[in-house]
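Residue numbers (the numbering used here), protein chains in the order written: chain G, 2 to 482; chain U, 2 to 482.
Keep in mind that the hints are not guaranteed to be accurate.
Any copy will do: because identical chains look the same in the list, a pair fits if it lies in one copy or spans two.
[Said to hold, decoys possible] Taking lysine-lysine pairs in the DSS-like style, the calculated list, with each CA pair at most 30 Å apart, reads:
{"hint": "1", "residue 1": "62", "residue 2": "139"}
{"hint": "2", "residue 1": "328", "residue 2": "139"}
{"hint": "3", "residue 1": "30", "residue 2": "258"}
{"hint": "4", "residue 1": "151", "residue 2": "111"}
{"hint": "5", "residue 1": "328", "residue 2": "62"}
{"hint": "6", "residue 1": "111", "residue 2": "40"}
{"hint": "7", "residue 1": "314", "residue 2": "253"}
{"hint": "8", "residue 1": "253", "residue 2": "65"}
{"hint": "9", "residue 1": "62", "residue 2": "400"}
{"hint": "10", "residue 1": "339", "residue 2": "258"}
{"hint": "11", "residue 1": "128", "residue 2": "151"}
{"hint": "12", "residue 1": "471", "residue 2": "65"}
{"hint": "13", "residue 1": "139", "residue 2": "314"}
{"hint": "14", "residue 1": "471", "residue 2": "249"}
Hint data in this document are derived by calculation from the structure and do not stem from the laboratory.
Fair warning: this is a prediction, and the values are worked out from it, not measured in the lab.
There are 2 protein chains.
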Amino acid sequence: MAKNNDRFVNQIADINSDYTQWYTDVCIKSELCDYGPVKGTMVFRPYGYAIWERIQAEADKRFKAHGVENAYFPMLIPQSFLMREAEHVEGFAPEVATVTHVGNNELSEKLVLRPTSETIIGNLYSKWISSYRDLPLKLNQWANVVRWEKTTRPFLRTSEFLWQEGHTAFATAEEANADALEMLDVYKEIANDVLALPVFCGRKSEKEKFAGAVATYGMEAMMKDGKSLQSGTTHYLGDNFAKAFDVKFLDKDGTHKYAYQASWGISTRLIGAIIMAHGDERGLCLPPVVAPVQAVIIPIGAAKNEQVSLRAKDLYCALERAGVRVKTDDRDSSPGFKFNHWELRGVPVRIELGARDIEAGVATLCRRDTGEKFTAPLDGLEERINTLLSDIALNMFKKADEFARAHIVRVSDMDEMSAALDGGNFCDAYWCEDRACEDSIKQKFAATSRVMHADQSDVHEHTCVCCGKKAKRRIYFARAY
Amino acid sequence: MAKNNDRFVNQIADINSDYTQWYTDVCIKSELCDYGPVKGTMVFRPYGYAIWERIQAEADKRFKAHGVENAYFPMLIPQSFLMREAEHVEGFAPEVATVTHVGNNELSEKLVLRPTSETIIGNLYSKWISSYRDLPLKLNQWANVVRWEKTTRPFLRTSEFLWQEGHTAFATAEEANADALEMLDVYKEIANDVLALPVFCGRKSEKEKFAGAVATYGMEAMMKDGKSLQSGTTHYLGDNFAKAFDVKFLDKDGTHKYAYQASWGISTRLIGAIIMAHGDERGLCLPPVVAPVQAVIIPIGAAKNEQVSLRAKDLYCALERAGVRVKTDDRDSSPGFKFNHWELRGVPVRIELGARDIEAGVATLCRRDTGEKFTAPLDGLEERINTLLSDIALNMFKKADEFARAHIVRVSDMDEMSAALDGGNFCDAYWCEDRACEDSIKQKFAATSRVMHADQSDVHEHTCVCCGKKAKRRIYFARAY
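Isolated chain G (complex conformation) (with noise of 0.2 Å):
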């Protein structure tokens, strides 16, 4: 009875046959969040807390080495600021939650809950910054923020979500772009080091820009279905945000001139990333780096043998000493129903602790990445643990790109992008640069431009892969989450 229950808990949909419900089960039932009351929120429980908090972690102090400082500013904003800067407010006002009463009286003012925070950040930018001397100005802030989405998925997208925003001013255009690219690459190593994620980074169309912002750069991933997420943003903001706020300096020649920004952002989507990126039939599989529990010990017949839960003691302190972040578990339930707990939560290595490993001063240890299983002694175990974790967090790396480069193709024309679409991939394209190739492509296959190639180099010898007109880009085209 316990045992049949016990495994409808762990049980979830075929990746294969059913990738959203599976999406959604490994979501659910890892433990890794829950759905809010209300539409659309959702609650991130300790487990996918845990991974945020590994990923703040990182991040954060690479934004540090970076130069950057934490700061935090207000979640309302006057209503009015987001109409100052035009593209801003036609992108971002649908879904902007208002805020119109408190108590029983109505707000002289509404106010809106933050959807992004350059208009606020750029108010105060304007009483910090008077002088050649208060640049550059590189602030971060870690905080939640509202836009309202018609349709949301846990991580993916929800009404409510954390991230970070970094806002930089500078006296020059060129090191404003030059930090929204800076910043790509640090994302792009907090995707590569901590994530165990291989991305395509390169800029974005006009039509897939920021609103606000003269040029996006994007960081996507590759999720296992060929599909796009967007995982990381960065957007050179020119002068557009320094005029709306008249954010000004008095520059070393004795003029007046606007600042330039930029500003830049991950948010709890990464875990998303990592879920399906990564993940299997058997439910998640966690990179090392973030992994709340790195590894598992699971002490065989300790009930009937003291030697076995003794060791499993001296163990998990021996693996806690050097750092592993590990974890006993001595419930009493089957070893193949805990095999299953902790696969489906991917936890990296699972550790067996019976009597006859330990007689042979072994212990029985089994890969999350690759299912490998296999003994190692017990002695100088802490160091091999670690070792092994490096291990998986490359094997994993190098999965996740061998299965992305299988997964471009390059296209010429709308049939091949078709079936190159429908067969999973990513659309190595060129294209015309205009909107209505774009929309186009959309409309016949809801696939969106995702990032400039790295590689222009090529692009006059080419025509559109929609109207057959002379190429200007290099672009992925792709499904997109």
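Assemble the complex: chain G is given as a structure, and chain U must be docked to it using the hints.
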């Protein structure tokens, strides 16, 4: 010209003649914070936010050691949730901000911005808790909350503030009440060891308790004007919220029971406590554990002597390696300006390094807490600084503790209470426990009951400070922020 301007930048009101203006000056001129564009909101500037980051880190590790896990719940709560607990809605409704629209569309149910999260967490605990095996459940979130206040002051009372809120559920009333008391001890440890702040801890009166709690325990700190700042509270909620949100579990005995809950919070208000309890006529005085900069090196005459800047760089590296948060001020300003600048910002140790110091193999140190100036050998200075930082923390606690002890007056009637309050003291009083007496004291003296005294042993020998009837409680009365 520049110098006069510099002096103005560092100028603050006299702490003895205008404590209120002094507080505002310190907040703004030390760049801890700024005002937001919406009345009652504030911006945490990097220097202020860095203090909060340290408080967070110190608190978070203590919570985790206590078996608490972090999670994150939605900020938007259905208005109907607030209504379910009668006292809760009465307490919070007037100051709750309400979201009515998204874009141009009116929402079908109004949503409130969390003033605290007992209700939404109650809703989820009813999903997650079904068996005694699910208990205890101990979660915490770091979050922003919104409470619309009429009179606001930076850090002390703003319409949005940052805090942590712990929410725990247990099988028995005893465990839940014990949790509220244990967390009060954790808060006291944070106040003492992290903020160098002596505190008064105890149960609050019925009048002063949290809306919806059975009992509230408070941690109060004495500011330099003898007023109290409520610096943390923990609540035993009984089964009030469990009944409102149907948080039930199947107990070992096979019967369904309501869970018993506790909640507890500290906020960015603690930064206000640091400012007002430790600050002096020169500005901030930061406890070393939370100081973003623990030691500032000021090279003297570096422009004329290369040795000075070289040795300053060596010293910077040595201190950083030794784990000291150090900064070198090599700006092109006078030493006097720099001294004022860093004193205003409360940096615990100033290290002056000039040609004569270097010749003598020493540096000149100045303690922010005492103003003492003395030389110390450059050789091994990093250990000396670390010892000094510990000394400063202890001395700051001792000074604040002596101040608090010297400003507690035992009062036995209303005249004594009046005099004690006007003299800037806490009143150690006996009270009949009737609400009418609290109301009377508030009306006459603008003072409130703060927390019950730790020693209630002789309460029956005394009479109420207000009505003269038999006393039931020994309790502190004070004016409060």
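Copy assignment of residue 111 with residue 40, given that the CA separation must stay at most 30 Å | both (23 Å within a copy, 13 Å between copies)
Within, between, both or neither, where residue 30 and residue 258 count as close if Cα-Cα is 30 Å or less | Classified as between: cross-chain Cα gap 26 Å, same-chain 55 Å, threshold 30 Å.
How would you label the pair residue 62, residue 139 (within, between, both, or neither) given a Cα cut-off of 30 Å?
-> For residue 62 and residue 139, both the intra-copy (14 Å) and inter-copy (29 Å) Cα distances are at most 30 Å.
If the cutoff is 30 Å on CA atoms, where do residue 151 and residue 111 land: within, between, both or neither? Let me know, please.
-> Classified as both; 23 Å inside a copy, 17 Å across copies.
Within a copy, between copies, both or neither: where do residue 339 and residue 258 come within 30 Å Cα-Cα?
-> For residue 339 and residue 258, only the inter-copy Cα distance (29 Å) is at most 30 Å; the intra-copy one is 64 Å.
Which holds for residue 328 with residue 62 at a C-alpha limit of 30 Å: within a copy, between copies, both or neither?
-> both (26 Å within a copy, 18 Å between copies)
Could you figure out if residue 471 and residue 65 sit no more than 30 Å apart (CA to CA) within one copy, between two copies, both or neither?
-> Answer is neither; intra-copy 44 Å and inter-copy 61 Å both fail.
When no copy is specified for residue 471 and residue 249, does a C-alpha distance of 30 Å or less occur within a copy, between copies, both, or neither?
-> Classified as neither: same-chain Cα gap 42 Å, cross-chain 68 Å, threshold 30 Å.
30 Å Cα cut-off: does residue 253 pair with residue 65 within a copy, between copies, both or neither?
-> within (27 Å within a copy, 51 Å between copies)
Given identical chains, is residue 139 near residue 314, meaning Cα to Cα at most 30 Å, within a copy, between copies, both, or neither?
-> between (47 Å within a copy, 24 Å between copies)
Indicate which option fits the pair residue 62, residue 400 if close means a Cα-Cα distance not exceeding 30 Å: within, between, both or neither.
-> Within one copy only: 27 Å inside, 36 Å across.
From the Cα coordinates, with 30 Å as the cut-off, is the pair residue 128 and residue 151 best called within, between, both, or neither?
-> This pair counts as between: shortest inter-copy Cα distance 25 Å, intra-copy 37 Å.
Checked against the numbered hints given earlier, the structure breaks hints 12, 14 and satisfies all the rest.
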